[in-house]
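Numbering (the numbering used here), first residue to last: 1108 to 1980.
Treat the hints as calculated values from the structure; they're not laboratory data.
Glycine residues also receive a C-beta, built at the ideal position from the N, C-alpha and C atoms.
Some clues are possibly wrong.
Claimed, not checked - As a list, the in silico DSS-like pairs of lysine-lysine whose alpha-carbon atoms are at most 30 Å apart:
hint, residue 1, residue 2
1, Lys1491, Lys1296
2, Lys1583, Lys1177
3, Lys1296, Lys1427
4, Lys1314, Lys1206
5, Lys1268, Lys1502
6, Lys1268, Lys1308
7, Lys1495, Lys1296
8, Lys1808, Lys1856
9, Lys1973, Lys1867
10, Lys1195, Lys1120
11, Lys1345, Lys1308
12, Lys1554, Lys1583
13, Lys1633, Lys1690
14, Lys1808, Lys1690
15, Lys1867, Lys1921
16, Lys1195, Lys1177
17, Lys1637, Lys1838
18, Lys1542, Lys1554
19, Lys1199, Lys1236
20, Lys1458, Lys1199
21, Lys1867, Lys1879
22, Lys1207, Lys1283
23, Lys1735, Lys1236
24, Lys1735, Lys1699
To be verified - Listed next, with one range per pair, are the computed distances between beta-carbon atoms:
hint, residue 1, residue 2, range
25, Glu1312, Gly1525, 49 to 55 Å
26, Ile1600, Gln1555, 29 to 35 Å
27, Gln1849, Lys1129, 42 to 48 Å
28, Trp1497, Ile1205, 23 to 29 Å
29, Lys1940, Gln1768, 31 to 37 Å
30, Lys1391, Tyr1441, 42 to 48 Å
31, Gly1544, Lys1232, 52 to 58 Å
32, Gln1849, Trp1701, 28 to 34 Å
33, Tyr1441, Arg1484, 40 to 46 Å
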Amino acid sequence: MDAKYNPTDIEAKWYQYWLDHKFFHSEPDGREPYTIVIPPPNVTGVLPMGHMLNNTIQDILVRRARQEGKNACWVPGTDHASIATEAKVVNKLAQQGIKKTDLSREEFLEHAWDWTREHGGIILKQLRKLGASCDWDRTGFTMDEVRSESVIKVFCDLYRKGLIYRGVRMVNWDPKALTALSDEEVIFKEHHGKLYYLRYKVEGEDKYAIVATTRPETIMGDTAMCINPNNEKTAWLKGKKVVVPLVGRVIPVIEDEYVDMEFGTGCLKVTPAHDVNDYMLGEKYNLPSIDIFNDNGTLSEAAGLYASMDRFDCREQIAKDLEAAGLMEKTEDYTNNVGFSERTNVPIEPKLSMQWFLRMEHFAQMALPPVMEDRLRFYPQKYKNTYKHWLENIKDWCISRQLWWGHRIPAWYLPEGGFIVAENEAEALRLAIEKTGNHALTAADLKQDSDCLDTWFSSWLWPISLFDGIRNPGNKEINYYYPTADLVTGPDIIFFWVARMIMAGYEYQNEMPFRNVYFTGIVRDKLGRKMSKSLGNSPDPLDLIERFGADGVRMGMMLSAPAGNDILFDESLCEQGRNFNNKIWNCFRLVKGWQTADTDQPAYARLATDWFAAKLTETAAEVEDLFKKYRLSEALMAIYKLFWDEFSSWYLEMIKPAYGQPIDRCTYELTLGYFDRLLRLLHPFMPFITEELWQNLQERKEGESIMFAAVGDIACGQADTVLLGSVEELKQIIAGVRNIRQQRNIAPKEALMLQVMGEKTLQASEEQVLVKLCNLSSIEHVGQKAAGAATFIAGVTEYAVPLDKFVNKDEELKKLQAELEHQEGFLRGVMAKLGNERFVQNAKPDIVERERQKQHDAESRIAALKESIAALG
RNA sequence: GGGCGCUUAGCGCAGCUGGUUUAGAGCAUCUGCCCUACAAGCAGAGGGUCGGCGGUUCGAAUCCGUCAGCGCCCACCA
1108 MDAKYNPTDI EAKWYQYWLD HKFFHSEPDG REPYTIVIPP PNVTGVLPMG HMLNNTIQDI
1168 LVRRARQEGK NACWVPGTDH ASIATEAKVV NKLAQQGIKK TDLSREEFLE HAWDWTREHG
1228 GIILKQLRKL GASCDWDRTG FTMDEVRSES VIKVFCDLYR KGLIYRGVRM VNWDPKALTA
1288 LSDEEVIFKE HHGKLYYLRY KVEGEDKYAI VATTRPETIM GDTAMCINPN NEKTAWLKGK
1348 KVVVPLVGRV IPVIEDEYVD MEFGTGCLKV TPAHDVNDYM LGEKYNLPSI DIFNDNGTLS
1408 EAAGLYASMD RFDCREQIAK DLEAAGLMEK TEDYTNNVGF SERTNVPIEP KLSMQWFLRM
1468 EHFAQMALPP VMEDRLRFYP QKYKNTYKHW LENIKDWCIS RQLWWGHRIP AWYLPEGGFI
1528 VAENEAEALR LAIEKTGNHA LTAADLKQDS DCLDTWFSSW LWPISLFDGI RNPGNKEINY
1588 YYPTADLVTG PDIIFFWVAR MIMAGYEYQN EMPFRNVYFT GIVRDKLGRK MSKSLGNSPD
1648 PLDLIERFGA DGVRMGMMLS APAGNDILFD ESLCEQGRNF NNKIWNCFRL VKGWQTADTD
1708 QPAYARLATD WFAAKLTETA AEVEDLFKKY RLSEALMAIY KLFWDEFSSW YLEMIKPAYG
1768 QPIDRCTYEL TLGYFDRLLR LLHPFMPFIT EELWQNLQER KEGESIMFAA VGDIACGQAD
1828 TVLLGSVEEL KQIIAGVRNI RQQRNIAPKE ALMLQVMGEK TLQASEEQVL VKLCNLSSIE
1888 HVGQKAAGAA TFIAGVTEYA VPLDKFVNKD EELKKLQAEL EHQEGFLRGV MAKLGNERFV
1948 QNAKPDIVER ERQKQHDAES RIAALKESIA ALG
């Protein structure tokens, strides 16, 4: 075996082994199910660091559940990502000189499918490198047959229930993607622009009303000016009419308390077609609505001479023109919030258009209580608030998109107007004939709606549709796997996805879709910046795996990723992971290199094996508890310390035979057993190296795997706390001696004598350990230590190492003085408490008792120190 | 503008219902070591008074108030 662990071949070998034996595959059986559905990544995407973290966590949970004897099922899959994928395909076609508008819907979809087949699933291949134990036989896709039919069925069902409606509303329009968006797809950003003060001439007078606006280009759509009826400053405009600058159109002055008297001049221009609030005013006062924009954000014919100009170019131009015409009072720098499209990153245009909507109050009412009552738990809990706030202020969901890549809305329009919603064309025709009584109707007379559905309208069914629970309610699989156990995802999609899955879960399964949601943090770079393609600060995960091994990368990610906290990713974390792998590897080499002999177990080895058994039990219980609380980083850290500090640095050093000597069989067997348990504990975090070493620890049969090696027995029983305590004190003594060596530069080879003061007694086994780890020539229990000995305190006992020729009295004295001061200060603190009547009266008796113990301990130490100082002086 | 959260060693964090040896691990730092498992290592050491102020209490990093800084979410002031 090489002194350095080389993960590459080993990882590939075991992943194939797991696949060959179908270890990841799950079928319903009598065991308790443990289910996770993957947050489906974009089908044509590649793996970003966020997904690495996310999927590492899922794999840890799944593997742990498997080891706990549950029927673990992790279902993978991908999302068609309607708008994102369509944009990519449009781009690709553009590079070939093909415009989307030149293609028929069918032709375009053919290109999109080609693209999907070409790039689809790359991301899932990457997950295999990471070691993800997904049931690949179950891989789903939001646009495959089962999922598509489920979406259509749900749409029809909700329409029949009256929860889906079609109507003209003000929606968020993306002028680049040329589609409506939901409110959640709009991101507000601060925009540094200008506030323009425009002069509106009062009709028939030589006076002007000044209006402040950030969007002067919309004046062509103005159909009123609005003032607050209570505003004295603008009262003079009541009942008047004003002239829209440049345009020349005369519009009325209306009054509404909506207008903020403090803002700008108190006059508001009203453009019902291009502002949500203005739209409401327009409805209220029955104002005409002039749409001056084309779908792509250029000015329309209605804008007169500015027609076909881009909206932002137009803003500049119009500002100049107003200036020239003397109609611009002034401009000011101004910062406001502007909504941007999440996908295309262009400013959203509020636009009046015909869309499909889902009523949300019904869903919000179902989805709120289980979370608030902690039946469905969020980790961390703080997201409960966010969730609550959203549900309590929810608006209807715009679910139609003017895109082709997605699930086409199953609505067919009739020649004479009106429409039919049905699961397919034949059914639509049947219903159409029934509705109209016109038996001459044919399929060709029906025109299907050209829009498709929001991507999230399929994702929200994911935990159900993956088990075909929409098409076949109550089937064996959905009954077994649903509700799923845990969902692991980012808090950024709590509204898009998490909340809506909860809604769909209650609507279609009458039950929550998952019992726990683990919100991961966002992966950032060292400087705290979000990792993104445009910044180029995201490392290539496959490259990291190549360099550090999947186990190393997994550990690196987990080391600093408590739920909900962002992680500042740094390659050095992976390095730490890799180093740990190497440590484990070398421990294995050491242990497997020993020869055994049929001799009795020496006392020191007995102490070591008893102690480590207790340590294992203690830590395993801790790990179990941390898993229950989803504190996975801490669980990993606990195992890391157990392995590196306790097992490698202490236990193995204690039992290690002298060079070339064999080890007694009993100790050896026990050690292999401990190694086995350590590997099992560690397996969920580092699946590959643990499998490799577990397989080599002893003879294994073909088809065996650490994946199914139970962990339940490790935390079994009560750890011997007395033994744990006494070994901790032993470690202190060893550290004390080593410290003396270090400070005085005494070579490890030079044997030292240890003197134990006072009443302390050491077991023979303890003395043997001390001799072994400190290289002692002898241990003496003495009343008076040798003159010029170096001393230290462990527990409440003073120890001395006689060193006459080495010791520097002054230095020694200084050290003792400092320690004495510290102890005296400590004692003062304790005495202050104990001297306080009210403390003794009010504090719980065991607290008071503990203070007395502290006092006692401190006093013994002080006595010992004083004695030493006196002896030196 | 509203809501939530954070502020503990150089760094990123843990410290739950106040009291468990005058604050804990990890990484980094410093010192000494190639001693045949591991220099991707071993041994040892240093480092914070818990953002500021005020309060409650016998006792506060831990509870309350307030100020400051940071972050996130939500929101139609043009």
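Here is how each hint holds up against the structure:
1. Lys1491 <-> Lys1296: Judged against 30 Å, a Cα distance of about 25 Å means the pair holds.
2. Lys1583 <-> Lys1177: Holds - the C-alpha atoms of Lys1177 and Lys1583 are around 18 Å apart, at most 30 Å.
3. Lys1296 <-> Lys1427: Holds. Lys1296 to Lys1427 sits at ~26 Å (cutoff 30 Å).
4. Lys1314 <-> Lys1206: This hinted pair is violated, its Cα atoms lying about 52 Å apart.
5. Lys1268 <-> Lys1502: Distance of about 18 Å is within 30 Å: holds.
6. Lys1268 <-> Lys1308: Violated, because 53 Å separates the two Cα atoms, which is more than 30 Å.
7. Lys1495 <-> Lys1296: It holds: about 24 Å lies between the C-alpha atoms, which stays within 30 Å.
8. Lys1808 <-> Lys1856: 45 Å, violated
9. Lys1973 <-> Lys1867: Roughly 18 Å separates the two Cα atoms, so the pair holds.
10. Lys1195 <-> Lys1120: With Cα atoms ~36 Å apart, Lys1195 and Lys1120 exceed 30 Å; violated.
11. Lys1345 <-> Lys1308: Holds, at roughly 14 Å.
12. Lys1554 <-> Lys1583: 38 Å, violated
13. Lys1633 <-> Lys1690: 26 Å, holds
14. Lys1808 <-> Lys1690: The hint holds at about 27 Å.
15. Lys1867 <-> Lys1921: 26 Å, holds
16. Lys1195 <-> Lys1177: Violated, at roughly 41 Å.
17. Lys1637 <-> Lys1838: 44 Å, violated
18. Lys1542 <-> Lys1554: Distance ~16 Å between Lys1542 and Lys1554 Cα, so the pair holds.
19. Lys1199 <-> Lys1236: 29 Å, holds
20. Lys1458 <-> Lys1199: Distance of about 28 Å is within 30 Å: holds.
21. Lys1867 <-> Lys1879: 20 Å, holds
22. Lys1207 <-> Lys1283: Since the Cα atoms of Lys1207 and Lys1283 sit roughly 13 Å apart, the hinted pair holds (cutoff 30 Å).
23. Lys1735 <-> Lys1236: 27 Å, holds
24. Lys1735 <-> Lys1699: 34 Å, violated
25. Glu1312 <-> Gly1525: 49 to 55 Å: With a Cβ separation near 51 Å, Glu1312 and Gly1525 satisfy 49 to 55 Å, so the hint holds.
26. Ile1600 <-> Gln1555: 29 to 35 Å: About 30 Å separates the Cβ atoms of Ile1600 and Gln1555, which means 29 to 35 Å holds.
27. Gln1849 <-> Lys1129: 42 to 48 Å: With Cβ atoms ~55 Å apart, the hint is violated.
28. Trp1497 <-> Ile1205: 23 to 29 Å: 41 Å, violated
29. Lys1940 <-> Gln1768: 31 to 37 Å: About 53 Å separates the Cβ atoms of Lys1940 and Gln1768, which means 31 to 37 Å is violated.
30. Lys1391 <-> Tyr1441: 42 to 48 Å: 27 Å, violated
31. Gly1544 <-> Lys1232: 52 to 58 Å: 56 Å, holds
32. Gln1849 <-> Trp1701: 28 to 34 Å: 29 Å Cβ-Cβ, so the 28 to 34 Å window holds.
33. Tyr1441 <-> Arg1484: 40 to 46 Å: 44 Å, holds
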